[in-house]
Structure formats: C-alpha cells, structure tokens
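Assemble the complex: chain A is given as a structure, and chains B, C and D must be docked to it using the hints.
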Amino acid sequence: MTEPVLSIRDLTVEIPTRQGLFKPVRNVTYDIRPGEIRGVVGESGAGKSMTGNAVIGLLDAPAKVASGEIWLKGRRIDNLNAEEKRAIRGKEIGMIFQDPLTSLNPLFTIGEQLVETIQLHLKVSASEARDRALALLERVSIPDPVTRFNQYPHQFSGGMRQRVVIALALCSEPSVIVADEPTTALDVSIQAQVLDLIKELASETQVGVILVTHDMGVIADTTEQVTVMYAGQVVESGSTDQVLSAPTHAYTKSLIAAVPRPQVKLHRFPQVSYGNRETTFKIEDLARNWEQTAPSKSGKLLQVQGVTKKFIEKPAILPSRRRYFTAVDNVSFDIKDGEVFGLVGESGSGKSTVARMIGTLLPTDGGAIQFDGDDITTMEPKALAEYRKQIQMIFQDPFSSLNPRMKVESIVAEPLIHHKLLPPDQISARVRELLDRVGLTREAAAKYPHEFSGGQRQRISIARALATQPRFLICDEPTSALDVSIQAQILNILKDLQEHLGLTMLFISHDLPVVRQMCDRVGVMKQGKLVELQETEALFANPQQEYTAELLDLMPRLAQLSG
Amino acid sequence: MKKTSTILAIAALMSSTAVVNAETLRWARAGDALTLDPHAQNEGPTHTVRHQMYEPLIIRDVTGAFVPTLATDWAPDPENPNVWVFNLREGVKFHDGADFTAEDVVFSFERAKQPNSDMKELINSIVEVRAVGDYQVELETNGPNPILPSNLTNLFMMDKGWSEANDTVNVQDFEGGEITYATTNVNGTGAYRLVSREPDVKTVMVRNEEYWGRDEFPLEVSEIIYTPIQNAATRVAALLSGEVNFLQDMPVQDLARVDSADGLMVKQAPQNRVIFFGMNQGADDLEADNVDGKNPLADVRVRKAMSMAINRDAIRQVVMRGQSQPAGMIAPPFVNGWTADMDGESSTDVEAAKAMMAEAGYGDGFSIRLDCPNDRYINDEAICQAAVGMLGQIGITVNLDAIPKAQHFPKITEGKTDFYMLGWGVPTYDSEYIFNFLVHGRESDIGTWNGTGFDNDDLDAKIESLASNTDLDARNADIASIWRVVQDEQLYIPIHHQVLNWGMSDNVGTEVDAEDQPRVKYFTMK
Amino acid sequence: MTDQPLVPDTKAAPSRLRRALDSDLFYAFRRSPVAMISSAVAVGLILMAVFAPFFAVTNPFDPASLNLMNGFTPPMEPNAFTGETFFMGTDDQGRDVYSTILYGMRISLFVGFSAVLFAVVLGIILGLLAGYYGGWADSFIMRAADVQLTFPAILVAMLIFGIAKGITPVEHRDQMAIWVLILAIGLSDWVQFARVVRGATLVEKNKDYVSAARLIGRGSSLIMIRHILPNILSPVLVIATISLALAIIAEATLSFLGVGAPPTQPSLGTLIRVGQGYLFSGEWWILFFPACTLLALALSVNLLGDWLRDALNPRLK
Amino acid sequence: MVSFILKRIVQSALVLLITGAIAFSMFSFVGDPIDNMLGQERTMEDVERLRAQLGLDQPVPVQYVKFLKEAAHGNFGVSYRQGREVSEIIMERAPATLELAAVSALLAVVFGISLGVFTAIRRHGFTANLIMSASLIGVSLPTFLIGILLIYLFSVELGWLPSFGRGEVVQIGNWSTGFLTESGRKALILPAITLGLYQMTLIMRLVRSEMLEVLRQDYIRFARARGLSDRVINFRHALKNTMVPVITIIGLQLGAIIAFAIITETVFQWPGLGLLFINAIQFVDIPVMAAYLMMISVMFVVINLVVDILYAMIDPRLRVSAK
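Protein chains in written order, with this note's numbering: chain A, 1 to 563; chain B, 564 to 1089; chain C, 1090 to 1406; chain D, 1407 to 1729.
It is worth saying that the hints were derived from the structure and are not from the lab. Since the structure is predicted, the reported quantities are computational estimates derived from the model, not experimental observations. Hints may contain errors.
Claimed, not checked - Where chain B lies over chain D, by a calculated footprint (3+ residues, C-beta under 8 Å):
#1 1485-1493
#2 1556-1562
#3 1669-1679
#4 1685-1694
Claimed, not checked - Facing chain D, according to a computed beta carbon distance under 10 Å, are these residues of chain B, among others:
#5 603
#6 677
#7 746
#8 748
#9 763
#10 790
#11 806
#12 970
#13 977
Here a beta-carbon is modelled for each residue, glycine too, at the ideal position from N, C-alpha and C.
In isolation and in its complexed conformation, chain A is listed as follows:
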C-alpha cells in the first residue's frame, strides 16, 4: 500500500455559539492515497463538508480547528498561517463545489479564470498558461476548447461548467481534490459523466479525491474507500465494497437500508431507526374520520388530454415577433381512482409544469384536464372552488412551502378556513388533531416553521394537504430535498395515505428508484413530451424507448446490497 498523500488525524472543529461550544467535526481520522477516491458519506449536518473545508483551510469564521492534525505529503498543514495555507490551496489541494452555476465568476471568461489560476501557481508566461488551459479544457472533454476559452460561464450548460470547475481544480496538478457534492445539482445523465471524469482523472493523474456526498449510489459507483460520518464523528470507514455489503455500525446499516432499491419493489421502506426518534403516523385514526367519496364516474379520476404549455421566451409587442418555448407539448394521460401515477424526467422536461397546470397554478395553452369528467380549464369559479377542495399538493422544498411568518396552526387551518369546512370554534381542535395524526405534537401548532426539521415540515405540509380530505394529491418531488432516512418515512406515509384512504396521487420525481417503489404506472417525459407510459414493473423490466433505457442505465445501483 502506498503512503497516504493526505492524512487527517483526530480532527475536531469548533464553533462558538450563543448556546455554547458546538463541535460539528469530532475526532475525525481518515487517509487518502494517490489515485484513490474516498467517499465521505452522511446526512445533512454530519460534518462531512466541514472536514473538507478544514482540509483546504477555508473554514468560515468563527469555526476553527480545535485539535487534531492534517498532514499533506508528510507536511503538517493545519497549523500553517493564512498565507501558507493559501499557497497550498489550488496548488496542492484542488476543490470542487456542489453548484457549478455559482462556482464560476460570471463576469470573467473561463479562459481568464483558468489562466489566472495557472499563472498564480505555475509561474509560466501568458501564452504557456493559455496552452495549458486549452489542454486542460480538452482533458475534461470540453468540445472546441479554443472557442470556449473566450466564452463566459453563462454560455455553458451545468455539466460543462462542472467540467470547467474540475479543470480549474486541476490547474497545477494537485495531489488531492476535495469534491464537495460535485454532482448533486446535476441531472442523472450528466452526473454519471462527471463522476466518470473524476474516476478517470484519479487513475490517470494519481490525484487523491475526497468525494463528499449524501448519495449512497454515488458512493457505490465511484469510490474505493468510504468513510461514513454521523453527527460529526466517523462511525465506519473501510473499502466501499466491504462497508456496503457488510456494514458493521448500526447507523451505516440503517442508512443503507433506507436507500430505495431500484431492482425490486418493496411494500414498505425499511425504517431507519438509528438516531432518529421515530414518530408514528396514525393512519388508522385518520382513516376512521375520513369520509370516503364516491368513485369517479369513469373510473378515471383525472384525464389529461393533449395539454400544452408555452412560455414567452422573447417578448415583443407584436404577437408574430414573439418567440415561445414549449414547456409541455401535447401531453395526455389518465389517472385511475386510487392509483399512484408517476411522472419522471430530467430537469426541464416539463413534469412540474404539468403538475402546476393540474393544480390550477398555471393556465393551459391548449388541451383539456378533466377531473371526474369536468374540464377544469373551462370551469366556472364556483366549480373551480369545489375542485380545489378535492385536490392538494405537496411540494419539493419543505422550507419554502410553509410560510415562515405564519404559525403552524394558521398554515394548517388555512384550507379549512378558506373552504369554510368547519365552524371557526372547531378549527383549532381539528388542526391539533391533524398534527397529532401526522406524527407531530399538538404543541407544534403554536410554533413557527423554522423550529422544525425538514422531515417534520414535510409532515406539516401533509397535514395541510389532508385538512380538506382531498380525493387527489399531487406530490411534486416531495422527498428530493430530504435525507435518505427521512425520505423513507415520508414515502411510507404517502403509501399509507394511498392504501388506507384510497387517495389518488400524481407523483413527480427524477429519482427512478423512488418512483419504482411508489408508483403503479409511470410516464416518462423528455423535453415537454411524454415519451413513454407503462406499468411501473413493465417499464423497469422492459423499457420501450431508448431514452427510458438510458435513464434506467444511469441509475446508481447498489449492486452490492442485498434486497
């Protein structure tokens, strides 16, 4: 075994806060060897990024390294002064951030940013720096580097930008690259390409890579070594194969268990018990008071017929001069009573636009949406109000979907008040009851959203959605902003709702494993069009379209994991 190029020993990071000393990283130890990719995995707040920041000496004040050591190629670097640390950054240790859209300065061409970094570290002439920059762009597979050299970041796509960011990290042939969630903001197809590039680079240039991620799939596909962190501490470390196939620590076990399996459909997600106080969802209580509605006349609760949505891309006074962007192009599908219908696709495929049109948040530009036989696009206001009572929506971001200035009670009560479903004096009791059913305390009613975690907030969203006893629930990426363990809880709740209350659902996601677990039928969208529609199991087993097949192929697979 080769000598580690980077060693972290007993690293502890401290942040003094109002409540006292907070230690986001505690006694963390791991090594990176040349050409090795070490995954660092854990949930939000586990301290994985903080460790990475400590390595490159970019901890934001007042956070500081309290104890421990960091060694780079036999030299201790944690105790260097600011200037010496700066000299190491970029030269010895490269860094890749999560969001390629914001990592590049928008006002400088990528050539300027590359040359600037190269000249800083390598002391070469301007033309040599340019040559090297072009070579780097070539290396990260940017087509036509000479043209691209003089372009600005906004002229690049997200994946291309991340390649530029990688090129920047490689400028001076660093020994180590810290990649902090480098693919989280990218679509799955781009994600695979970027990860492949990192793998190639590691083996070619013998650079050691710390790959910080929350995604077990990424770990399984990309890394050789993995370090699992929980609450600032390393709970388990070892070769990826070994850790994934035979986790020893309870947390690792629970974490792996919670990852949705793409291969098989499970009835319920395994519950992650470690560290999370399990809150129970009292579906039976809820079902007891649920007024069952009559099934729809045709058996198809929702019929989407040739729906189209155009956005103005270039406004002009004359309609003939306007240019439109067709976000949803002639999409048709039906959703049967009690069914969970999935819509998948990459970002920009139009799946959320469809959801928003069904939710009357956007007007349609053609086609019809029939709810129990009535076209909602031509409904009278009174009928529309009745429709709105019967549908509800759960949004992706639990932080923006709850008004931060309203108490939970007001949030959950709003549909009740608006639709005048209960006399005012009963509303408060009803809200508390709903909160109790979704697994929150009754006291939660008096609090503000920011006092809750992401999972709890999504429960509040669910409570709000259930307040009107809807027939139809639109879930727009309901768990993509959540940690995997929380995701499992929320998805189980949604399953319960469908089973016990007979709710019909439109489930939108970019995450194919999740879709497989949740949906009865799935539609695949690409650039505004519905390209494939099948029973879920059939789709996963036998995709009819090449595009679907590609998507399935790109799914990170935890091959090592048993069902």
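Below, chains B, C and D without anything else, positioned relative to chain A:
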C-alpha cells in the same frame, strides 16, 4: 488698512481673491441688475448699477435733496405753468467721446416714453420735450406739474448718435426677450465705464478719467467689481473674510459682528421705506376669519386696538436690532407731508387695546390670517411672527402665512387677503404718491395697491386734485387733511421705517443713501 | 444538498415579549454597544418629543405667551430687559430654545414618521401589485417610478409643495403645511420601497407557500397581504428606518428652500434655517442646540438602521 | 442592442412628456410672474396686456403644447427675469454646474468606492467601523448647514478658501472653466465637498453592502479555493461583480448631484443652473423653470440610458441577451 487682524492677514495671505486693492471696490449685494438698458426696467438694483455709468439730469443726495447733475439748474417757466425749463451742463462727454447736448436729452426722453419703456409712467404727464439751443430743454406737461423733477432722478441720458449707430434707438423689449446693444453695452456720461458683465455673476467697471466731475468728486475708487450674493450668511461671510469690502443688504443680526470685526464697519441711515399692515375693512365679511356675517376689521376700534397691541419698541430692539424707527404713519420721514407728530401717534397699550376690543364687541377676540412675504423686507417674516404674538395678547388668534413675494403681492393687488404686510418707498418724496397707490379707492389705474377696501369719494377727489395744484401751500394743506383721515381711520397699522445698513471695510468712506443707491463717485478710499 | 443546515430564515418573528427577548435579534442587539446607545438616544429623543408639553418649560407654539423682549437671551444668562434666564437661551422671537427644540422635534418626527409611513404604504401597495401581477401593471408602475426618479427627490418635494399650496383653500393653508410636507416627502420617497417590495415579491411569489395558498384558492389580495407581505417586511423596515432620518433631513432642506414648516410652528429644520442666520452674529445657541439635536436624532436613527440592516441580513451572520 | 436603445429612447420621450406636463401644471401655483415684471406703478391694463403677450391668459395645456412646439425647435423662450433667451442663459450657466457636479461626482465616486471596499473587506475592523459611523454624520445634517459651517470654518475663521462664487474663470469657446486658474480651483473645493459628501456616503455604503453580498458568493469561495490571494479576490473578482449593481445607483446619484446643486449653489453663490432655478422660482420665471426641469429630465434619461449600456458592457450575461 488701518487695523489688521490676524484673521484678515491670513485671509490676505491665503486667499488670492482676498487681496485688498486699495482702489478696488469689491461690492456685493443680494441682487443683480436685470439689464443695462437705461429705460427697460424701473427697479432698484438695476438703477444702482446704471447710476455708476449713466446719469440723469438731477439726482438726490443722501438727504433726499436734489443735486444738479447733467442739468445745472431748473425751474418752471414763469409764463407757462405747464413748462419746466432745464439748463444743461456744458463740456460733458459720453464715454465714447461724444458731447452731451440738448438733442441727447430730447432723444432720451422720447426713448423713455416708448411703449417698451418701464419708465414711461413716471413721465406720462410730459407731452413734449423741446431743445432750446444746445444746452437748454423745455419739458411741457399736460397740466401744471409741480413735482415733475422728483420723477426724473432715475431717468438716464443716452447719446443719440451712439444709439442710432448701434441700432438701439428703441427700448429693449424686455418681456419679449429682445437683446439690444444697450442691454449689454454702456455709453453714458457717468464716472465709471463698463469693462465686463456676466448677469447674476459679476460686473466690472473702471473709473472714467474723462469724467466732467473728475475734480469735483473724490473718485478714489478706480475699479468696481460688483457681485450679487443671494444667501445672507454667505454674503456676510464674504465681507468677514475680506473677499468683498462693501456690502449692501446687510442682515441686521450681523451688524454687531461686522462692526466689531477689525477693519470693518457698518453705517446706517433711515431708508425711504415704511413697513405696515393693511386690513380689509371694506368687505362685509372676511374669508379668512372665524367671525360669520361680520367684518371685525370694519370697526375702527378694532383697527385701533390692533395698532395699540403692536409693541413697536420691542420689534425695533429685538427683531430689528435697533435698526428701525417706529412709525406712526405710512410715510417715510423724507416725504412731503410727513410730520413728526403724526409719526409719533402710535402707542402701545395692551390693556386699553383689550378694552377697545371689548367695546367693539370682540372681547373674546377672533381669528384671522396674516399674509406676509418672507423674502422682501428686512426680517419681514420675523416681524409678522412677532405681531402674531402681540395680537394674541388681545385675543386675536393670527394664523401666519409667510410666502415668497412672488405669491404675496398678487394677493394684495387682486384683493385676496384681508390682513397683510406691505412696505412702501416714495421715489417722488411726496405724499401724493402714497395716496395714489394706497389711499385712493381701487380702480384700474389708481389705488392699485390699496388692499383695504377703503373707498372715500370725497377723499379720492381731493387726492386727484393734488396732481395739478400749483399752489404749494394749499396743496400741502390738502395733503395734511388727507393724512388726518388716514390716521383717524387707522387705515393701516404702521410698524416702522426701515434703516439701511451698509457694511464696508474701514478704508471705504461713504454715507448711506436713503434710497439704497450708492454712488461710487462719492466714495473715498483711504 | 449541503451539510450546512438549511435554515435560510433565522429571523424569528416572535409575537410575544418572551420570544422577542429570546430572539437572535435581541441577542445581537445586546452585544452591540452602538445599537444600544443609538437606540437609547433615539428613544429618549422621541419620548421627549412626544411628551414635549411635559418636558418643556414653556409652550413656544402659543404666540400669545411669548415676550418678544426675551429675544436673543444667551444660555444661562439673564435677559437684559426682562431678567429671565433660559437654559438654552432664546431665539429671535423670545422663545425658549429648549422648549422650542422639543416641540420642533415633535413636528420633525411627526413629519418624518408620517412621510415614511405614507411612502411605505404606497411603496408596498404598488410594489406588491407590480411584483405579484407583473406584466402590464408592473410596466405601468415601474415606468411611473421612472418618472418619479426623473425628478430628484428634492424637486419632487418642491413641486408637490407648490401644487398643494396652490390647491389648498386659503383658510386651511397654515395647518396644511405640515400635511403637504408629509405628502411631498412621502411621494418623493415611495419609489425605493416599491422597488424593494417588488424585487422581494418576485422572489416570494415563486415560493411554494404561495403556490400552496393559491392551490387552496386564496384570492390574490389575501395572498399578497397575508402571505407575501409579512415575508418582505424586514428589508422594508431597514429602509424605513434610514428613510426616517432622511425625511427629517429633507424637511430641514425644504425649509431652507422656503417650503418647510411654518415659522410659528417651527420644526427642527425651520429652527436650523432660522438659526443659520445667526451663525456670524454670535447668537450661536439658536443654531447650535437645534443642529445638535437634529444630528443626534438623525445619527442615532441612521446608526440603528445600519445595525438593523446587518442584523436582519441572515447571510451576514 | 439597437432595438433596445430605440425602445429606451421611446420610453424616455414619454417620460419627458409626462414630466413636462407635471411641471407645467405646477407653474401656475408658484406665483404670478407679472407682478415681478412690472414695477409698483403699473396699471391693470399693463398687467392684462403683458399677460396676453406672454400667453399666460391661456389654459395650461395650451401653454404646454406651445412650449413643446417651441422646445422642439430648440427655443425655450425668454427669461422673464433677465429678458434673455433661456437657451442662452442655460448654456452660459451650464459649465459652472457641470464642473461642480463633475468634481463632486469624482470625489463621491473615488472616495465612495474606495472607502466602501475598505469597509467591506475590513468588516470587523475598528477603522472600518469608525468610518461607517462617521460617514453617517454627513447624511445626518442638512446640506445647507454643512455648507455654511464649512464657510464659517474655512472662509471666515481660517480665511483659507473663498466663500462664494467661482473665482476667476477662463473662457474657452462657449465654455467658461474655473479649472485653469488658482482662484477657480480654490473656489471649487468647498462647494464640491458640500455637494459630494452626501453622495459619497451613499455610494460608500452601497458599495460596502454589495461587496459583502458578493464576497459570500460561491465563486468567491471557489476563487479562494483556487488559492487566489485576497488582493486578487477583493479587487479583481469581487470589485467587478460589485460594480454591476453599483453602477446603476451611481448613475442615478450623479443625476441627484445636479439636482442637489440647487442647495449648494445657493449657499455658495455658485453661478450655475441650480442658482438659476432658485432665482427663477422666486421670480416665477416660468420659461427658465420649464427649461431647467426639462433639461434635468433629459439628463436623467441620458444617464439612465448610459447606465443601461454600461451595464450591458460590464455584464456579459446581459450583453448576450440584449443582442
């Protein structure tokens, strides 16, 4: 410089603009001349600048007495009461070297009578001007006009030849925006010649070495730099810092500071301007009071009580810093018809005033709005404010509306105010002028500034007869009797006569002119 | 997803005192001497102004009670005529400077608060409409804002003052001066609020909580008032604080240009305008005390606004 | 880009028309010019005659249309007060205001930006906080008082600098400049400081807050991660990004400088447009007021346009979308 303070020494050293030239008069005041055309505007600061370069036939000295200038003597024609005869000074040359003769006088009068002339009202009684030889002119009026010379002191003489040569025979159409050669160029007979002029910024003049009075007058100032400075504090600062050495329009509160500053002094003289309040006694009901169906100001007792409530001494001492002379009549002391007795008729007695108010049925007072300018007279707004307090003591609640003169004066002339401040100067030094504008009932061309609603036909007839009454004694008797009515009716509430203050450095020697018209040829420079 | 906890909104919105005292804002406040001192000064001055009749020695707005002979009395020295002594001296009308400052500050603060309130309300309404509806309403409102910006604030105020004085019935004119000032300053100030509100509304209206409310079927005005408005108030609050100081200064400037509060009911600005005439004559106190008061008031409000801006910006923590 | 500019010009023309209409409707409330123009001896006939001659007897919209027609030919009428062509007066006064505004703007921009950057970089430093607090004094006193205090100190007490006017000016063609004489330069100092102080504070605070905002962006973090020095990060990367929003505000502030010159010019008897305007208001010189307001509006429109173009030049994202 006699006394040199450290401040001035530093100023002289540090500031290039403050170099004190013993012969340069650096002169600042609030406003600038509007034009140099001698007849286009009849306005104080405009006349002031002209007076240095142009001359009329006669001027007044600081006491108001006539001084021969381009005319050496003048008298009514003993044979024709409608004719005045003026003998002209010989040997006078214009700045361009042309001789001054009777034909220039005829030309200048005719020019001043043109429709565009702003001076025409002053000489509208003149029907003909005749040259009698080179150095005598006869002015014939449409009837006997005993006070004609009073109207001529700002009527400047131009050179006929120069005007014809430069196409400026006609008076500039000021309102029409016409610019003529005479607007920006000067060819007068005066003691100073124009060097350069930027309107509202700077006007520079130099001594006319060929001036006819070169040996008669001191003429010690060799150069005049005239700069208007509007902001009072800046104006005083310029004098204090030595950037100017002669200042008109001194704020009264700064007199002491300037006077006590080393190297500076202040001189004063009573001004030909009286400040007073007018009251609408003619209306049946007032718009701006709280009494319905009655006009409290129509009751002479109320007017008397109001006058008695005003403590003119306090205004003089505090608001005016002693720089005013309490008035009992609305004529400045220089004016024919003014008497010390009448001017002493105003007294302050709050208790008696209260009693009179009660007697008139207003024991509980009333409220009224006082309209007051805030940019016209010395401390106009502060005087009004003081009056508000004083009238409050006899139960009259006064709401003060202090506004710029551009909005204030139309209120008076259009009869939109019931209680207002006004100041009046008398360029003719004769009471007739006051009666014509302020006492005569309001008609389209007479009584235009009488905002009191007072209209007495008998009195009006008497006022109209003054113009052609050549019997000076009888005329003076009429004037006295008219004044008696004005005083008894308490037509106006006189406040005070303004006192003029000029600030200057110690080396500048001049007396203060009652009409605020410095004539630099009289200045000495030590 | 990052490791940093996703807490974009740490600005607590406590409705009760205990929550307020427990909030991060109050914590930051207690740790900032500048904030504490300036708020103490501001609150102190505001209280003295509000309860001016209680703190003042005389009522300077009652002209009948004034004795002109008391004019120009220096501080702590007996008047030459009346023998009366005044703590901060008297002004040109014989008013006690100290009392006049208190009453004047009352006018200034009233004008300032009302003008800012007016600008805030107008700005919020127009900004919300422009941001929420977009399109035609947005273009119209923002072009109106452009027209407004075409005229510098001080000119706008002068114009409005001129027009309002012209159309006000003469009987009400002197009472109107204050209201006209408020209108003038407020109208010249609304644009910045409208712009901030519009910008924030554009961000907020795309958040899912608004979608959730729309999905329920809530009306637009209710969504704007109940949902969006509370979430965009903190930048408005910051600008409003600084605008308050600016409005007080603007009133003083307008006073210098002759369109300020009436001299019988002087504001701080009017007092300074009057006092500056006595700078050279040695009666320094007529200018000095009002100027110091204005400085203390504006400075403390400005400092407070400044601190609030940083403290309320969660990203600067 | 061309269509963008054209669109802006059309919009601006509309703005100008509205501005003018508002201005005109206000003139009738400022006072009656006739009274100032005729002496106290005038008769009612004189008044009526002059009113008709000036067209003031006509309704405001008629007057406005007439003004627009004339203005389109570059004719702004005749000053009631000076009896001269307004365009001529404005041309004569403009250099004074523009020179003063330019120097003030330069002071404001140079000191505003450098102090803003300094206080942003040293956010927690004592000096930076001191500058921040002290700068507030500049906006906590009315401009006219600051001017008068400066005069009191530097002209009256110390006698170092002139208290009024422009000093000696040199005429170069139609332009009178005070830059070429010592007294002219000296005379500029106090007014320029008075006028620039307020804007400097605004710009400084704006630059600071924008810079702080930029400094916490990812690309700055990434630039740090690339090992770039603080100098390069602060002055190359952060400053350029800071300037994008700042330029708009600076543009507007430059316009405000010209407007605020009204006060400064009054205090320092600076013979520029602001003083002209104040005189015009006092005298109800409607042609001068109208021309001044129109000119200010045009200036703002031009500044806005320039700012927009500059914006596009500095920000490549807009450059492309504007194509």
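Quiz item: Where does the structure disagree with the numbered hints, that is, which hint numbers, in rising order?
Solution: 6 and 8
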